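Line by line, the protein sequences give chains S and X. Here the first sequence is numbered in this note's numbering, starting from 1 and rising by one per residue. Here the second sequence is numbered in this note's numbering, starting from 113 and rising by one per residue.
Be careful, since some hints might not be right.
Unchecked claim - Chain X is faced by these chain S residues, among others (derived, beta-carbon under 7 angstroms): (1) 28; (2) 32; (3) 43; (4) 44; (5) 47; (6) 49; (7) 98; (8) 100; (9) 102; (10) 104; (11) 105.
Stated by the list, open to error - Cut-off 20 angstroms, straight-line C-alpha distance, at most; resulting in silico cross-link-like pairs (DMTMM-like, lysine to aspartate or glutamate): (12) S:56 x S:83; (13) S:42 x X:199; (14) S:56 x X:199.
Think of the hints as simulated: they come from the structure by calculation, not from any bench. Nothing here was measured: the structure is a model prediction, and the numbers come from that model. Where a beta carbon is used, it is the ideal one built from N, C-alpha and C, also for glycine.
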Amino acid sequence: QKEVEQNSGPLSVPEGAIASLNCTYSDRVSQSFFWYRQYSGKSPELIMSIYSNGDKEDGRFTAQLNKASQYVSLLIRDSQPSDSATYLCAAILTGGGNKLTFGTGTQLKVEL
Amino acid sequence: SAVISQKPSRDICQRGTSLTIQCQVDSQVTMMFWYRQQPGQSLTLIATANQGSEATYESGFVIDKFPISRPNLTFSTLTVSNMSPEDSSIYLCSVVGTSGGETQYFGPGTRLTVL
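All chains, please: the whole structure from these sequences, using the hints.
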């Protein structure tokens, strides 16, 4: 099993809908998780980090962490065409050194 | 967050040559990393750039192929040596700031094409 796994998509949602992006992880990662957004041809941009069980909200974005089920998700409310991008789930590997491991990314398309 | 720049932003190189990529940060940072993103793929960690000492490489990456320097807390270089078309990728540096957190921020990347 990979350390972090994501469905590659594409995930298509209509404008204004809620986009739900999911990520599962293995025991080889610590309890620090990050969501990055990457537009085509650009570098990853941090959206949110989450460390504790439960929900963390920032504007239209909500990150959810469920340690018992080993999944982390990102909800995007009121999706806009400008949200169309690849979303990368990342986690700090156990063993120290602050090393990040990434999922394969989920491509989100928000349609008019 | 820190402002990170990379040079060059892109390059087209011939097989067998080497390219050095620079990563400059506008403030001192505790940790710097180098990643590779091959076409259509996610990010893979190449190495941790250690200030004043040899870089720590991940499995599958070696110093002879990817020598790294980090002379101070704001600057690092990655060299891609003896390039082949398989080295065509985006190379990204990332940093962790001095605030004690774990969050990594990425530079704009260097798009390398090897012919």
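Next item on the list: Return the numbers of the hints above that this structure violates; sort them in rising order.
Entry: 1, 5 and 14
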